[in-house]
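Make the full structure from the sequences, and use the hints.
Chains as they are written, first to last, in the numbering used here: chain A, 1 to 562; chain B, 1 to 355.
Worth double-checking, as some hints may not be accurate.
[What the hints assert, rightly or not] With a straight-line Cα cutoff of 16 Å, these simulated EDC-like cross-link-like pairs (lysine to aspartate or glutamate) come out:
1. A:Lys361 to A:Glu463
2. B:Lys159 to B:Glu95
3. B:Lys159 to A:Asp213
4. A:Lys517 to A:Asp492
5. A:Lys361 to A:Glu323
6. A:Lys361 to A:Asp327
7. A:Lys361 to A:Glu330
8. B:Lys159 to A:Glu209
9. B:Lys159 to A:Glu215
10. B:Lys159 to A:Asp492
The set of hints was computed from the structure by calculation and includes no laboratory data. As the structure is a computational prediction, the values presented were derived from the model and not from experiment.
Below, each chain spelled out in residue letters.
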Amino acid sequence: MSLEEPDNPLATEEQVGATEEGVDYDALADLLGDTVIDREHHVNAEGFVVRPDEVQDALFALRDEAGFDHCSSVTAQEYDDRYESIYHLKKYDDPTQEVSVVVPTSKDEPVSQTAEPVYRTADWHEREAYDLVGIDYEGHPDMRRILLPETWQGHPLGQDFSGEEPQVVTLREHANPLQEDHRGEDDTDTMFLNIGPHHPATHGVLHIETVLDGEQVADLDPDIGYLHRCEEQMCQQSTYRHQIMPYPDRWDYISAGILNEWAYARAAEDLADIEVPEYAQVVRTMSAELCRIASHMLALATFALDIYGDFTAIFMYAIRDREVVQDILEDLTGQRLMFNYLRLGGVAWDLPEPREEFFEKIRDFLDELPERLGEYHDMITSNEILQMRTVDTGVLPPEEAKSYGATGPVARGSGIDYDLRRDDPYGYYPELDWDVVTEDGCDNYARLLCRMREVEQSARIIEQCVDLLEDWPEDEREIQSNVPRTLRPDPDTEIYRAVEGAKGELGIYIRSDGTDKPARFKIRSPCFSNLQTLPVMSEGEYIPDMIASLGSLDIVLGEVDR
Amino acid sequence: MAPLQSATPFPKIIADLLGLDINETWVIAVASIAAAGVIATVLLSMTAVLGIWGKRKITAAFTDRIAVNRHGPYGLLIIPADAVRLLSKELIVPEGVDRPAWDLAPMVIASSALLGFAVIPFGNNLQLADPETGLAYVFAVASIASAGLLMAGYASNNKFSFLGGLRAVAQNLAYEIPLVLTGASVVIFAGSLQMSTIVEMQRQTLVTLGGIPIPSWYAFVNPFAFVLFLVANLAEVGRNPFDIPEAPTEIVAGYQTEYSSVYFVLIYLGEFIHIFLGGAIIATIFLGGASGPVLPGVVWFFIKMVSVYLFTQWARSAVPRLRIDQLIQIGWKGMLVLSFANLVLTAVVVGVINA
Numbered sequence: 001m002s003l004e005e006p007d008n009p010l011a012t013e014e015q016v017g018a019t020e021e022g023v024d025y026d027a028l029a030d031l032l033g034d035t036v037i038d039r040e041h042h043v044n045a046e047g048f049v050v051r052p053d054e055v056q057d058a059l060f061a062l063r064d065e066a067g068f069d070h071c072s073s074v075t076a077q078e079y080d081d082r083y084e085s086i087y088h089l090k091k092y093d094d095p096t097q098e099v100s101v102v103v104p105t106s107k108d109e110p111v112s113q114t115a116e117p118v119y120r121t122a123d124w125h126e127r128e129a130y131d132l133v134g135i136d137y138e139g140h141p142d143m144r145r146i147l148l149p150e151t152w153q154g155h156p157l158g159q160d161f162s163g164e165e166p167q168v169v170t171l172r173e174h175a176n177p178l179q180e181d182h183r184g185e186d187d188t189d190t191m192f193l194n195i196g197p198h199h200p201a202t203h204g205v206l207h208i209e210t211v212l213d214g215e216q217v218a219d220l221d222p223d224i225g226y227l228h229r230c231e232e233q234m235c236q237q238s239t240y241r242h243q244i245m246p247y248p249d250r251w252d253y254i255s256a257g258i259l260n261e262w263a264y265a266r267a268a269e270d271l272a273d274i275e276v277p278e279y280a281q282v283v284r285t286m287s288a289e290l291c292r293i294a295s296h297m298l299a300l301a302t303f304a305l306d307i308y309g310d311f312t313a314i315f316m317y318a319i320r321d322r323e324v325v326q327d328i329l330e331d332l333t334g335q336r337l338m339f340n341y342l343r344l345g346g347v348a349w350d351l352p353e354p355r356e357e358f359f360e361k362i363r364d365f366l367d368e369l370p371e372r373l374g375e376y377h378d379m380i381t382s383n384e385i386l387q388m389r390t391v392d393t394g395v396l397p398p399e400e401a402k403s404y405g406a407t408g409p410v411a412r413g414s415g416i417d418y419d420l421r422r423d424d425p426y427g428y429y430p431e432l433d434w435d436v437v438t439e440d441g442c443d444n445y446a447r448l449l450c451r452m453r454e455v456e457q458s459a460r461i462i463e464q465c466v467d468l469l470e471d472w473p474e475d476e477r478e479i480q481s482n483v484p485r486t487l488r489p490d491p492d493t494e495i496y497r498a499v500e501g502a503k504g505e506l507g508i509y510i511r512s513d514g515t516d517k518p519a520r521f522k523i524r525s526p527c528f529s530n531l532q533t534l535p536v537m538s539e540g541e542y543i544p545d546m547i548a549s550l551g552s553l554d555i556v557l558g559e560v561d562r
Numbered sequence: 001m002a003p004l005q006s007a008t009p010f011p012k013i014i015a016d017l018l019g020l021d022i023n024e025t026w027v028i029a030v031a032s033i034a035a036a037g038v039i040a041t042v043l044l045s046m047t048a049v050l051g052i053w054g055k056r057k058i059t060a061a062f063t064d065r066i067a068v069n070r071h072g073p074y075g076l077l078i079i080p081a082d083a084v085r086l087l088s089k090e091l092i093v094p095e096g097v098d099r100p101a102w103d104l105a106p107m108v109i110a111s112s113a114l115l116g117f118a119v120i121p122f123g124n125n126l127q128l129a130d131p132e133t134g135l136a137y138v139f140a141v142a143s144i145a146s147a148g149l150l151m152a153g154y155a156s157n158n159k160f161s162f163l164g165g166l167r168a169v170a171q172n173l174a175y176e177i178p179l180v181l182t183g184a185s186v187v188i189f190a191g192s193l194q195m196s197t198i199v200e201m202q203r204q205t206l207v208t209l210g211g212i213p214i215p216s217w218y219a220f221v222n223p224f225a226f227v228l229f230l231v232a233n234l235a236e237v238g239r240n241p242f243d244i245p246e247a248p249t250e251i252v253a254g255y256q257t258e259y260s261s262v263y264f265v266l267i268y269l270g271e272f273i274h275i276f277l278g279g280a281i282i283a284t285i286f287l288g289g290a291s292g293p294v295l296p297g298v299v300w301f302f303i304k305m306v307s308v309y310l311f312t313q314w315a316r317s318a319v320p321r322l323r324i325d326q327l328i329q330i331g332w333k334g335m336l337v338l339s340f341a342n343l344v345l346t347a348v349v350v351g352v353i354n355a
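Set out below in structure tokens:
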């Protein structure tokens, strides 16, 4: 991957099709002109069907003329008569303005033009599409498998895939005998080093293929997929009503469970038109923010661990405070990690009795939090050595961050004011008083600071929720709306919905086929996109800074690999 | 010329206890070996207690935990348990290691630190030997460890070890010079390299504050040199913020990545004895050696030595690690200049006073 500037970051003053009420899709259709061969209606946005050899023209026009600078996700799927790639586009300034670009390709020759020159983030997303579904992207700089092993046979989400046949062959069998062998040829002064998959600082099973020039990183390529469990496939085999909800807990399993569940709940509720009672929304908001605090605490702890190098004071302090949140969540949901607390149309059950005791526990935690955070600031952010290590290292310029589809604290640490809780409101957030935190540093320090300040904002949200819940009249505590026992959304409805997860934009694409199970379930993981920025941050830096950047990205491999 | 041996070193005490004549050669040999054995045993048991049990408890206290409490009283039985565990593990010899060097490295690391204790005056005349060049000898043998680290890193046939070994050597080079220069400033004060003389020179009273006499320990006489030495010593023993040669989150375990079982124990031991040696040197040349009120001198000496050890543990729990280039920069651009300045200033001050 190169460090070149993206061709044209946010060029226009006038954005075509941007109106007060939302997107004027007719204006966009005029802009795209002949490249559009058809129009589809998705629940979240209009979809323009584009010829597979004109993808870049359409996307360039949408990015440069209409201001769609955020490629959220690329969904690939196979129909009976065609393959299809969907590019879900948004604007960083206003994520409610969405548009989908649908690219059908024929069954015989599933080749479509790559979007990588327009959005860098398409690089990995298209590799995933190739890996799991089997669409080939022409002009892609690095078309190889990403989640599955190199020697995997076939494409597991394609229709003709059979689980009966052997799936992985040996490397020897797989090797192309005509390929030239370059081993031992290069006479350079660099050293190749495998960092991971078993390494103390990779936060799970991440493998980074690193080329070192002395102590400096000359080139690196994250190799993911060690924790791939085909979560999308599992969700496709489960019913909407109850069976899917436990899975999201297992994506970002570092105590962000309820935030993940909300991503599925939001997509499915909008798809099937389910209302959520106000009381349940407040409970959801409160529990989700508790998860965010727990998740950020761990991010803070492990980041400190990466910089300090030992299980030192700051790590243990953060884990101690996270434990309090875990206890509260355990009281609420009965689980410590895999909460499975949300239901379509509400939450599983009401707050634990006696309620006063539960509120007391939360209030005690919130009262102590400022002091704790002060302690953290004393120990880490105001430590001069830590500042030496983190300020101006791992720099991620905002244009690069946008091009790579970075979201969450990674984007906000680069000064991008993007938070779906405010910009694409859901839950009870719009009624509450809180701020979106941004830091302009673009470096490891800014991302750290951003998370610590977000914890404060989450605490504000929780406090307001507790106030509301305390005064909620007893006979109006409706925790779930009426939802049919079996959900069968209308056939061929498609939706892409995202929430602000702990790590960033966690989106779900669902296509229904009239049955009680989704025909296609696609997860847009924030960590997957955020991890792509690692080479930008670390090439040319020292190994310790690369490790620090990786820590500041706060990835969870369960969510990257799904 | 001063005598090679001062009044009553440790072997003579042993010979006297056994009723033998110290002037006979074989008695010198036997008594010296016995004395060395006693000191080595004390140090090794100290490492066992402080390295296995104490380290856990101290770090736990810093990080809000309880640590070992299930093995006997206060978890003390963790010491034999850990010893058995470490010794009974399989010694894995990775393919392609450079055999003699790979095997020798742990021994070099462990023994170089142990050798340094030969000239340390523990107080109450417990000193193995007191040559005129004591301080120079300590610095010389302690720096042999660098060779061991390089051997370990280079012979392991592992890229992480290799990086660790190179880092260790770069770091030790950058910090050994300030260490020795700061030590030399003490020598200028004391006028001798002999350990017993250096201790003796610190007995005089510096000032009397409110009736309490403050001894002229060199830490009080020249606090600047003391701080410099303390920092350089942290780098020398490789503790935070200078634990860069091991840096677990970056290069796994540096030069010791491929060592297991007994070899791991030896490296671990060498590391701890090195910390104790650092503490012993600091106690001797800056903290008045074995001097102190009420308690016997040897107790005071160990208190001072362990305090330095506690300081390294504190640094380990609370201070972030520097980056290798920052470390080298601080070493060559900061510490070296400051220690030269300290040396020159000390020389000028001592010269003026003596004139």
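Hints and how they fare:
no., hint, verdict
1, A:Lys361 to A:Glu463, "12 Å, holds"
2, B:Lys159 to B:Glu95, "14 Å, holds"
3, B:Lys159 to A:Asp213, "13 Å, holds"
4, A:Lys517 to A:Asp492, "12 Å, holds"
5, A:Lys361 to A:Glu323, "13 Å, holds"
6, A:Lys361 to A:Asp327, "9 Å, holds"
7, A:Lys361 to A:Glu330, "12 Å, holds"
8, B:Lys159 to A:Glu209, "13 Å, holds"
9, B:Lys159 to A:Glu215, "12 Å, holds"
10, B:Lys159 to A:Asp492, "54 Å, violated"
In this structure, only the earlier hint numbered 10 is contradicted, and the remaining ones agree with it.
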